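Could you build all of it, start to finish, from the sequences and the hints given here?
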Amino acid sequence: MRTLATVIAMSGGMILDSDDLTRLPAERRRMLSRLLPLRGEAAVPLDLFDRDLPRALWRAGDRLLAVVNWADEEADVIVQLPVPAARLKDFWTGDDSGVQRGTATLRRLPPHASRVFTLESLED
3 MRTLATVIAM SGGMILDSDD LTRLPAERRR MLSRLLPLRG EAAVPLDLFD RDLPRALWRA
63 GDRLLAVVNW ADEEADVIVQ LPVPAARLKD FWTGDDSGVQ RGTATLRRLP PHASRVFTLE
123 SLED
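The working numbering puts the first residue of the sequence shown at 3, with every later residue one more than the last.
Because the hints were derived from the structure by calculation, they are not lab data. Among the hints, a few may not be true.
Each pair of labels, with its calculated beta carbon distance range [as the list claims (entries may be wrong)]: (1) L26 x P113: 23 to 29 Å; (2) L34 x E75: 28 to 34 Å; (3) A62 x D92: 14 to 20 Å; (4) S123 x L23: 33 to 39 Å; (5) W72 x G104: 19 to 25 Å; (6) D22 x D52: 38 to 44 Å; (7) A62 x S20: 28 to 34 Å.
Note that the structure is a prediction, hence the values are computed from the model and not measured. Beta carbons: idealized from backbone N, C-alpha and C, even for Gly.
Structure below.
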(Lines of atoms letter the chains of each structure in order from A and count residues from 1; the text may use other names and numbers.)
(Lines give C-alpha, C1' and ligand atoms only; values in the text may rest on other atoms or scores of the structure.)
Protein backbone atom coordinates (compact mmCIF):
# COMPACT_ATOMS: atom_id res chain seq x y z
CA MET A 1 0.00 0.00 0.00
CA ARG A 2 2.79 2.43 0.89
CA THR A 3 4.56 2.03 -2.48
CA LEU A 4 1.30 2.78 -4.31
CA ALA A 5 0.79 5.84 -2.12
CA THR A 6 4.40 6.87 -2.80
CA VAL A 7 3.99 6.68 -6.57
CA ILE A 8 0.73 8.65 -6.36
CA ALA A 9 2.38 11.31 -4.19
CA MET A 10 5.35 11.64 -6.52
CA SER A 11 3.17 11.87 -9.65
CA GLY A 12 1.60 15.14 -8.53
CA GLY A 13 -1.68 13.99 -10.03
CA MET A 14 -5.20 13.92 -8.70
CA ILE A 15 -5.88 11.85 -5.61
CA LEU A 16 -9.19 10.01 -5.58
CA ASP A 17 -10.40 8.10 -2.55
CA SER A 18 -13.74 6.34 -2.57
CA ASP A 19 -13.36 4.75 0.86
CA ASP A 20 -15.71 5.55 3.70
CA LEU A 21 -13.27 7.85 5.48
CA THR A 22 -15.01 7.34 8.83
CA ARG A 23 -14.05 3.65 8.68
CA LEU A 24 -10.45 4.01 7.58
CA PRO A 25 -7.87 2.82 10.11
CA ALA A 26 -5.90 5.65 11.70
CA GLU A 27 -2.71 4.73 9.81
CA ARG A 28 -4.50 4.98 6.44
CA ARG A 29 -6.06 8.32 7.41
CA ARG A 30 -2.60 9.66 8.30
CA MET A 31 -1.26 8.41 4.96
CA LEU A 32 -4.10 10.11 3.08
CA SER A 33 -3.62 13.37 4.99
CA ARG A 34 0.09 13.36 4.00
CA LEU A 35 -0.84 12.80 0.33
CA LEU A 36 -3.50 15.48 -0.08
CA PRO A 37 -1.18 18.54 -0.16
CA LEU A 38 1.04 16.95 -2.84
CA ARG A 39 -0.58 18.07 -6.07
CA GLY A 40 0.58 19.74 -9.22
CA GLU A 41 4.29 18.94 -9.39
CA ALA A 42 5.37 15.67 -10.96
CA ALA A 43 8.61 14.10 -9.80
CA VAL A 44 11.66 13.96 -12.04
CA PRO A 45 13.38 10.58 -12.33
CA LEU A 46 17.02 10.93 -11.32
CA ASP A 47 18.14 7.67 -12.96
CA LEU A 48 15.91 7.58 -16.05
CA PHE A 49 18.48 6.10 -18.42
CA ASP A 50 20.14 3.74 -15.94
CA ARG A 51 17.49 0.98 -15.93
CA ASP A 52 14.05 0.05 -17.26
CA LEU A 53 12.19 1.66 -14.36
CA PRO A 54 13.71 4.59 -12.48
CA ARG A 55 14.27 3.95 -8.79
CA ALA A 56 14.89 7.54 -7.66
CA LEU A 57 12.20 10.22 -8.06
CA TRP A 58 12.72 13.86 -7.03
CA ARG A 59 10.15 16.58 -6.33
CA ALA A 60 12.31 19.68 -6.00
CA GLY A 61 9.53 22.00 -4.78
CA ASP A 62 8.74 19.74 -1.83
CA ARG A 63 12.31 18.47 -1.49
CA LEU A 64 11.02 14.89 -1.61
CA LEU A 65 13.13 11.97 -2.76
CA ALA A 66 11.41 8.63 -3.34
CA VAL A 67 13.37 5.42 -3.78
CA VAL A 68 11.52 2.37 -5.12
CA ASN A 69 12.67 -1.24 -5.38
CA TRP A 70 10.71 -2.54 -8.36
CA ALA A 71 12.46 -5.93 -8.21
CA ASP A 72 11.01 -9.20 -6.96
CA GLU A 73 13.87 -9.56 -4.49
CA GLU A 74 15.36 -7.53 -1.69
CA ALA A 75 18.00 -5.04 -2.83
CA ASP A 76 20.61 -2.63 -1.59
CA VAL A 77 19.79 0.58 -3.46
CA ILE A 78 22.30 3.40 -3.88
CA VAL A 79 20.97 6.71 -5.20
CA GLN A 80 22.73 9.90 -6.16
CA LEU A 81 21.34 12.74 -4.07
CA PRO A 82 19.98 15.74 -6.01
CA VAL A 83 21.82 18.04 -3.57
CA PRO A 84 25.45 17.82 -2.38
CA ALA A 85 24.52 16.95 1.21
CA ALA A 86 21.28 16.63 3.13
CA ARG A 87 19.65 15.38 6.29
CA LEU A 88 17.11 12.73 5.28
CA LYS A 89 13.84 12.47 7.18
CA ASP A 90 11.28 9.79 6.45
CA PHE A 91 8.26 11.44 4.80
CA TRP A 92 5.74 9.04 6.31
CA THR A 93 7.07 8.75 9.86
CA GLY A 94 9.33 11.76 10.38
CA ASP A 95 12.17 9.49 11.51
CA ASP A 96 15.60 11.04 11.03
CA SER A 97 17.86 8.95 8.77
CA GLY A 98 20.87 11.16 9.32
CA VAL A 99 23.09 13.27 7.10
CA GLN A 100 24.11 11.88 3.71
CA ARG A 101 26.68 13.34 1.33
CA GLY A 102 26.59 12.67 -2.42
CA THR A 103 24.74 9.37 -2.27
CA ALA A 104 22.32 7.54 -0.01
CA THR A 105 22.34 3.78 0.45
CA LEU A 106 19.19 1.94 1.43
CA ARG A 107 20.14 -1.50 2.70
CA ARG A 108 17.88 -4.49 2.24
CA LEU A 109 14.94 -2.63 0.71
CA PRO A 110 12.24 -5.31 0.43
CA PRO A 111 10.76 -6.32 -2.94
CA HIS A 112 8.34 -3.72 -4.33
CA ALA A 113 8.95 -1.50 -1.31
CA SER A 114 9.72 2.19 -1.28
CA ARG A 115 11.02 4.93 0.98
CA VAL A 116 10.29 8.64 0.73
CA PHE A 117 12.54 11.22 2.32
CA THR A 118 12.28 14.92 2.90
CA LEU A 119 15.73 16.36 2.21
CA GLU A 120 16.93 19.15 4.43
CA SER A 121 19.83 20.60 2.47
CA LEU A 122 23.02 21.45 4.30
CA GLU A 123 24.37 23.48 1.37
CA ASP A 124 21.67 26.17 0.89
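A quick look at each hint next to the structure:
1. L26 x P113: 23 to 29 Å: holds (26 Å)
2. L34 x E75: 28 to 34 Å: The hint (28 to 34 Å, Cβ to Cβ) holds, given that L34 and E75 are roughly 30 Å apart.
3. A62 x D92: 14 to 20 Å: holds (19 Å)
4. S123 x L23: 33 to 39 Å: holds (35 Å)
5. W72 x G104: 19 to 25 Å: holds (23 Å)
6. D22 x D52: 38 to 44 Å: holds (42 Å)
7. A62 x S20: 28 to 34 Å: holds (31 Å)
Figure legend: structure checked against the earlier numbered hints; every hint is met.
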